[in-house]
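There are 2 protein chains.
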Amino acid sequence: MVFYILEFMRKHNFNAGPAILPASALQAASNAVLELDGIGMSILEVSHRSKEFEAILDEAKKLLREILSIPNDYHILFLQGGASTQFAMVPYNLLEDDKKAAYLETGHWAKKANEEAMMFGNVEIVASSADKNFTYVPKNYTIPKDAVYFHITSNNTIYGTQMHNFPQSPVPLAADMSSDFLSRRIDVPKFSLIYAGAQKNFGPAGVTLVIIKDSMLGKVKRKIPTMLNYKTHTENNSMYNTPPCFAIFAALHTLKWIKSTGGVSVIEKSNDEKAKRLYDEIDRNPLFKGTCVKEDRSKMNVTFVMQKPELEPEFLKTSEKAGMVGLKGHRSVGGFRASIYNALPIESVDALVGLMREFAVKHA
Amino acid sequence: MVFYILEFMRKHNFNAGPAILPASALQAASNAVLELDGIGMSILEVSHRSKEFEAILDEAKKLLREILSIPNDYHILFLQGGASTQFAMVPYNLLEDDKKAAYLETGHWAKKANEEAMMFGNVEIVASSADKNFTYVPKNYTIPKDAVYFHITSNNTIYGTQMHNFPQSPVPLAADMSSDFLSRRIDVPKFSLIYAGAQKNFGPAGVTLVIIKDSMLGKVKRKIPTMLNYKTHTENNSMYNTPPCFAIFAALHTLKWIKSTGGVSVIEKSNDEKAKRLYDEIDRNPLFKGTCVKEDRSKMNVTFVMQKPELEPEFLKTSEKAGMVGLKGHRSVGGFRASIYNALPIESVDALVGLMREFAVKHA
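So the sequences go chain by chain: F and Z. Per this note's numbering, residue 189 is the first one in the first sequence, and the count goes up by one each step. Per this note's numbering, residue 189 is the first one in the second sequence, and the count goes up by one each step.
Think of the hints as simulated: they come from the structure by calculation, not from any bench. One thing to keep in mind: the hints can contain errors.
A pair counts as met if it fits within one copy or between any two copies, since identical chains are not told apart.
To be verified - EDC-like, lysine to aspartate or glutamate: derived pairs with alpha carbons at most 20 Å apart:
hint, residue 1, residue 2
1, 320, 468
2, 509, 225
3, 199, 240
4, 409, 285
5, 550, 498
6, 516, 500
All chains, full assembly: derive it from the sequences and hints.
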């Protein structure tokens, strides 16, 4: 994997999102903000109806389709509003008032998604890990056959759990993949709908990706506000109104970087290795402990605490001095969270592991 | 007014939106995409919860409040989804099923706005200029006192008309100001709600500004999807979920440029002069004619056709050779449209006027 070196000292960026992006994408985006491909205009100034921008959008769709082997009966949409807007769009478009949707409750955002769905129809929570502060992913649940869809959250950014196997669902499967999209291979045909806010592995905040199977369109009788109707966007190639052009441009260059590394299978191996090195240290080091059940640990967001919580402020300060950012854990979990997304170099993980070891020696 | 010179030949950019932005904002945005203020991270990589980004958001709000003298009982929101999403949010939040909203129909987008409102309650179109292809702004209409709000479109991008005087409304006034926001002084207290897609005078596509009076919140009993509820955003300082950080950063630097020029009153004078030069030439030149009623002509989007339509392709080609982009008129009007937003230098207008004169000599 090639990492570009920008002409300044980059932080070890463990931010949960917005998060670290490939240097090559940053360089391309920075250049294009001044001038796009020698056309005398910035990427911020070109019309979304111009041939230049249409080429960008088309290439981004084509690359994504190639990288994830997305079949042709799936639409690829570049929308706005984040995954939070999808929490409403999914049931608005798929769940009739008198029908039922099934949800798996694996964390804060999963809960937000099912609560939003309750506005539109009936919701069955098939299983929840709220009983243990979302430190595991429920298994052995039954997906009701009369649900119009089953909604899962593939990775739980706050709690640091991840679904390593996706369920065999008797009904269409819808997944919020915001925080692990493009981090591993996925079998798209298993899903009927996938969505992801960009600001983890896909690009900057401001664009939301939706992959929706054609057969999922036109499922409800209710009127849907134009901008919340998937059909508006499938019928207008994500250009019903002005799309977030810059964010799409930066996403295109993130996709190009993924392709240049060898694709998601190579990225996945790299992510596996990064996660292994960090979890191995957490398990080995007497000062630290992981917060989640081992088999459900996330390879994107590594959550851990200290055996002696009183040492946490000092470790955090030490990490900041060593040029690391974003390690403070979410208030719902405490301790630390190292988000180790695609673009985070393994050297940053090694630096963190090194710091943990030094800290253990110091506090032995 | 100071115009920065970028190190390449910039086009005369007459795009209708996304449109030309101040060179100083482009330079600041380009730099920040590489690294924000020496912090070792890109503006695309910093957390929206970081002190760095919170300072950006706060400064943007403060500057906007200062530049437009926005009273303290108005919230300033940075949202996603464009004005098209506001077409739904306005009635979702303000119009009960059994109540009535009043709309002025002055163009394509005004029509979209009132059609969307019909999903939520009763709509009265108080006046429309559809009878003459939206070439004028209706006047002498009566705003019904039993409407919960009256909605106007301050500038009609496609047709090239603009409201030069705002009505005295007996009910709360809501305005889509997407295409002339920040181009002239406005008396904010006359309005209860103002919204604008950024991609004209305010910044790049991807952020939508909403200015809403506190008393307009909580107006309806219906449940509102979380992301479409204004209260979600007023109560969370536009950070309920990840905001479009980069677009907000670029908007901040566009606001800084406006302030550096002397503010909207100076910008307004410059816009008046640019519009005057162009309309004077349209009226003087025997080859061209304006498409709109003179008193309603837009100072942002100047629409005109040729007396001999068969000459239009040649003029368009000539303009492109002279480094001008975006002059082709919208298909609903034909001919030409020169969008002369804030950041377009008067030299670009003069270049266009010069070309029109040369063309008249050639075809005398």
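message: Are any of the numbered hints broken by this structure? If so, which, sorted upward?
response: 1
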